[in-house]
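Protein chains in written order, with this note's numbering: chain V, 8 to 627; chain D, -6 to 282; chain X, 803 to 1042.
Careful: at least some of the hints might be erroneous.
Said to hold, decoys possible - Simulated DEER-style distance windows between Cβ atoms:
id, chain 1, residue 1, chain 2, residue 2, range
1, V, 472, D, 253, 39 to 47 Å
2, X, 857, V, 285, 52 to 60 Å
3, X, 938, V, 345, 49 to 57 Å
4, X, 865, D, 86, 50 to 58 Å
5, X, 828, V, 555, 40 to 48 Å
6, D, 58, V, 426, 39 to 47 Å
7, D, 77, V, 319, 23 to 31 Å
8, V, 345, D, 77, 54 to 62 Å
9, X, 877, D, 251, 52 to 60 Å
10, D, 152, X, 1028, 51 to 59 Å
11, V, 301, D, 58, 25 to 33 Å
12, V, 301, D, 152, 51 to 59 Å
13, X, 857, D, 140, 36 to 44 Å
14, D, 178, V, 319, 50 to 58 Å
As the list claims (entries may be wrong) - Lysine-lysine pairs mimicking DSBU-like chemistry, simulated, CA-CA at most 35 Å apart:
id, chain 1, residue 1, chain 2, residue 2
15, D, 177, X, 958
16, D, 80, X, 958
17, V, 427, D, 111
18, X, 958, X, 972
To be verified - Which residues of chain V face chain X? A partial, calculated answer using Cβ under 8 Å:
id, residue
19, 135
20, 288
21, 292
22, 355
23, 393
24, 394
25, 509
26, 512
27, 536
28, 564
It should be emphasised that the hints constitute simulated quantities derived from the structure, not laboratory data. It should be emphasised that the depicted structure is a prediction, and the values quoted were computed from it without experimental measurement. Don't be surprised by glycine CBs; every beta carbon is placed ideally from N, CA and C.
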Amino acid sequence: MPRRGDVIGLGLFVVFCVVFPLVAPGSLVNVGVYAMIYAIAATGLSLLMGLAGQVSLGHAAFFAIGAYAQAILVTRYDLYGVLAAVVAVVIAMVVALLVGIPLLRLRGHYLALATLGLGIIVTVLATESEFTGGTSGIYGIGKPEFNSRTYDSPQEFFWLLTPFVVVAVLLARNVVQSRIGRALGAVNDSEVAAETLGVDTFRLRLQVFVLSAAYAAVSGIFFAHWLAVVNPNTANFPLSVKFLLMAVLGGLGTVWGAVIGAFGVEFLDEGMRELIPVLVPGAVGEVQLIGFGVVLVVIVVFLPGGLHQAWRMVLARVRRPSGDVSEGRAEATEDDSPVMVREGRPVAGSVLLEVRGLTKQFGGVTAVDDVTLDVRAGEILALIGPNGAGKTTCFNMVSGVLAPTSGTVKLNGVRTDGRKPHIFAQLRATRTFQNLQVFRSATVLGNVMVGRHLRARSGLLRGMLVLPARAEERAVADAAYEVVRLVGLEGERHRPAGELPFGRQRLMELARALAVEPDLLLLDEPMAGLSSSERRALARLLRRLRAGGMGIVLVEHDVEAVLALADRVAVLDDGRLIALGSPEEIRTDPAVVAAYLGVDEDDTAARAAARELAAQVEET
Amino acid sequence: MSDLLQLIFSGLSIGAVYALIAVGFVAIFTVSEVINLAQGEFAALAGLVAISAVGSGMPLPVALVVAIATVTVVAVVMERVTVAPVKRLTTLTSIILTLGVSTVLKALMLLIWGPEGKGLTPFPGGDLLVFGVSIRAQELWILGIAAVVAAAVWWFYERTIVGKALRACSEQPIAARLVGISPKLATMLAFGIAGLVGAIAGVIASPVYFSSWDSGLSLGLKGFVAATLGGLVSIRGALLGGVLLGVLESLVAGYVDTGLRDAVAFVLLIVVLVVRPAGVFGRHAEARV
Amino acid sequence: MLEVREVVAGYGRLEVLHRVSVQVETGEIVAVIGANGAGKTTLLRVVSGLLRASNGTVLLDGVDVTRLPAERLAAAGLAHVPENRLVFPTLSVEDNLTLGGWTRRRGPRGETESQRQRALDLFPRLQTRRRQPAGTLSGGEQQMLAIARGLMARPKLLVLDEPSVGLAPKVIAEIFATLARLRDDGLTILLVEQNARAAFKVADRVYVMDRGEVAMDGNPTELLTDQRVHQAYLGGGYTA
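Using the sequences plus the hints, can you model the full thing?
Here you go:
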């Protein structure tokens, strides 16, 4: 849905593009042409940095690949311009794929420096290779010709670029608002939570990386046609720095930010070229870099969100705070009927999760020691135990967040130990977190919609084009709304998730997990921080989910609540499973009592005391 | 055979320079999770300052001290002014930030010293011919000084209380704070060390490899690759990594194609990251959950 | 020695401590017990400056230390022995101890050496391992080292966070006996524990925390048989 701000922005930009070449002096129009050319690459980089959270320090490499490929195909092979362009873009995308596959699995700073190296490599190859014309490069690239009109003046080229820039920005905007954009936004807020909801982070990041390379290549192609010459200086390190600055200046991931950043940087560049020789006579070379460096540092230190952040700060002052967006809290229902029933779910009583000999060692410490248990459909299993007992570590291993040292985990017969969390989600199992992993940059409804990630299929292409994915997006929103209503959050569904009180955030995280339509649900301390009435409501919801056939594993410290709710209880102490049985059995088990209250060095005394305490518990 | 030895030797020489720069990366990263892209510029700046100092009449040893001191101060100022004020500095943000600083430094060097590469006066000594391998005096100085610096760095981290305090900061930041070690001071000190070691690398390399406003880019990148071979956290790994990279580069340039020299670092980086991200020479990576 | 007044603290939107007040007199051992999630560790973090309280005051020997960051509290006389010990793994036992005395490193020569010796006398097991990397020590030995490291700064108040976790009962007894000896020598100790029985044996006074509040406090012998302590751990308090 085009937002009003977007339409206004688009309109303003188009007007600007029409008017600017008419009123500005020739030299400035020239600068504007470069700004437009670079804006496309900068938009792609902004998308990569803002959405995929990756930094590319050698983006000029893809720019160069596009420029060189186009130059060679057009001059040496006489390929028709548009066809050559397609080939050139594909080449750049393939290179991005080859670089991205090994590197995007690693921590971000490795990709950053690897792309820096890539930039150097491309420059070196361009200089050394005869195929690329060595240091003199390729020349004689013709100006574009359409409808027997040659676009060779700055004004005409500027107008030629306008629709391309507009389309580039719109496509980027569509990506941000699509299923992919939503998933990657979630990854930026909490990668682990997004993964447990089924988001394959690596694959999505790779797609955006390749897309950003395509954008850079398109930029390079226009550059080649504009300058008519492509040589190794075309895409050197300073250009990569420029792209970075454009993206950062405008505000990462914001749609118009890169375009504004591009104009800003180009005019800054031009301004400094004029100014510095005046200030420092005899200055030669790329001294305007100093301005770029200063602006980069200033932004990171004072205004990390770039101009977009400044814009929002201005808006916040100008606009009066809107009224409370919530529509009032829904009445707590006294409904006890089964909920979230799913056809095709394993029948109640059958084994969903099989854990055998699960063990985790960190250095010399054994955090989890040979834990074996089953979880069945239609039951609630509670996992309790004192601090350091290994409960969350178990959860992490079962859900794929952590790889076990040994042991197996099987979900519906499929082994999942050591595999990534999104595989767990694909098998219809998910979890919530002890310290909430809220997607702060989204609303409540937005958070829950991420839970629907696996129930939709639109990829990058459909996301960009919007129309093919429309029906699916609506279905996702509707399904998310249903779940939000189920937990009682519909009044607050449009509020930013970060603004909710803690208990409501917990509920939202649960709704998000339910949106996955899981058969198995792992809840890590869902009651912590909730009031008594909230705990009651949650317990009721869990009973309804159980009645619907879901299998639920619950880690909780509120032992009384857990004993009242659970069908079976597993007790961990010091990494080992010390008891597994009905709540009644557990309540009176002396080993359990001893584990919680602690043991003395005199074992007999402890056993006696434990028996005594157990007797006291019986009496109450 | 003497060709091979020649190549290995010159590889060792440049590798020693990479190794020292790599140490700077490790020193800063272990204490603060900051990746300092201006590391190469420290080296380039030191070389240029030394050249000017000599040019203005100072004897060589004095010029060296001046250059090294200047760059060390620059490094500490950089930390105070640009790194310390940023509240939540992630590693990726630190890359952009230090990139900005490195760009400023580059431009300043360009403004002050111009675009041409310059070489520092070579340190005293004559060239040798050993087993058919021609060894320049400067290369011996490079290896010798690098060895001394490496030993000094080792001694600092293994034998002095301040060095151990820095290690404590990187191993157990919480416990280090509880014992009274200030993480802010630790970061400042780490930058100082990085500046010092980078500056030394710059001045010993300058007579042979020339300093210019943009020589820092390549040095920095290769120093980073060398540091990666130690998982970014091991000094020993960084030192070994630097030497390995230098020798590999030299061999590729000699036997395959001189132009591909700069590609070696990049390829090595990718190979290491894919095969063994914890570093080839690093300690066993502890699972940090 | 230590006064915690009406402290409110938490993480982000989660308020964990709801106006908690605790007092520790000079020369006594005070234990804070309670179930997981009760807020014991959060309380210690506020006291030692690792976490900022949103409200309330912390006074150490009469001095307001509420806003001091953790690295300055060591110099102010508070030594915090953290949960999970957090020894410096690649540094030797000796070096761990030396760093424990970081805030006193400019003192007279030989003082560090004699302090270290005193620490090793207190925990003889460490003596034989003085040059071993701390990461190779057993859990119990690491706990001893962490305590000894804390003592190196000659603190007025020693604060321990769940020292018994993961340790065998015998080792726990050994360590707690040492704590009692330190108290007898005049050290003030604040102890957070989940192992109530062991804590009861050594403490002069006990606070019981439940869900972010002090549920009760008093004499360990009285509390040992009090029904409510039991409930604070194993439930009850969940009103249906």
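Now for the hints, and whether the structure bears them out:
no.	hint	in the structure
1	V/472 <-> D/253: 39 to 47 Å	42 Å, holds
2	X/857 <-> V/285: 52 to 60 Å	57 Å, holds
3	X/938 <-> V/345: 49 to 57 Å	55 Å, holds
4	X/865 <-> D/86: 50 to 58 Å	37 Å, violated
5	X/828 <-> V/555: 40 to 48 Å	60 Å, violated
6	D/58 <-> V/426: 39 to 47 Å	58 Å, violated
7	D/77 <-> V/319: 23 to 31 Å	26 Å, holds
8	V/345 <-> D/77: 54 to 62 Å	58 Å, holds
9	X/877 <-> D/251: 52 to 60 Å	58 Å, holds
10	D/152 <-> X/1028: 51 to 59 Å	55 Å, holds
11	V/301 <-> D/58: 25 to 33 Å	30 Å, holds
12	V/301 <-> D/152: 51 to 59 Å	41 Å, violated
13	X/857 <-> D/140: 36 to 44 Å	58 Å, violated
14	D/178 <-> V/319: 50 to 58 Å	36 Å, violated
15	D/177 <-> X/958	26 Å, holds
16	D/80 <-> X/958	33 Å, holds
17	V/427 <-> D/111	53 Å, violated
18	X/958 <-> X/972	28 Å, holds
19	135	45 Å, violated
20	288	50 Å, violated
21	292	46 Å, violated
22	355	27 Å, violated
23	393	5 Å, holds
24	394	5 Å, holds
25	509	4 Å, holds
26	512	7 Å, holds
27	536	5 Å, holds
28	564	4 Å, holds
Hints 4, 5, 6, 12, 13, 14, 17, 19, 20, 21 and 22, counting from the list given before, are not met by this structure.
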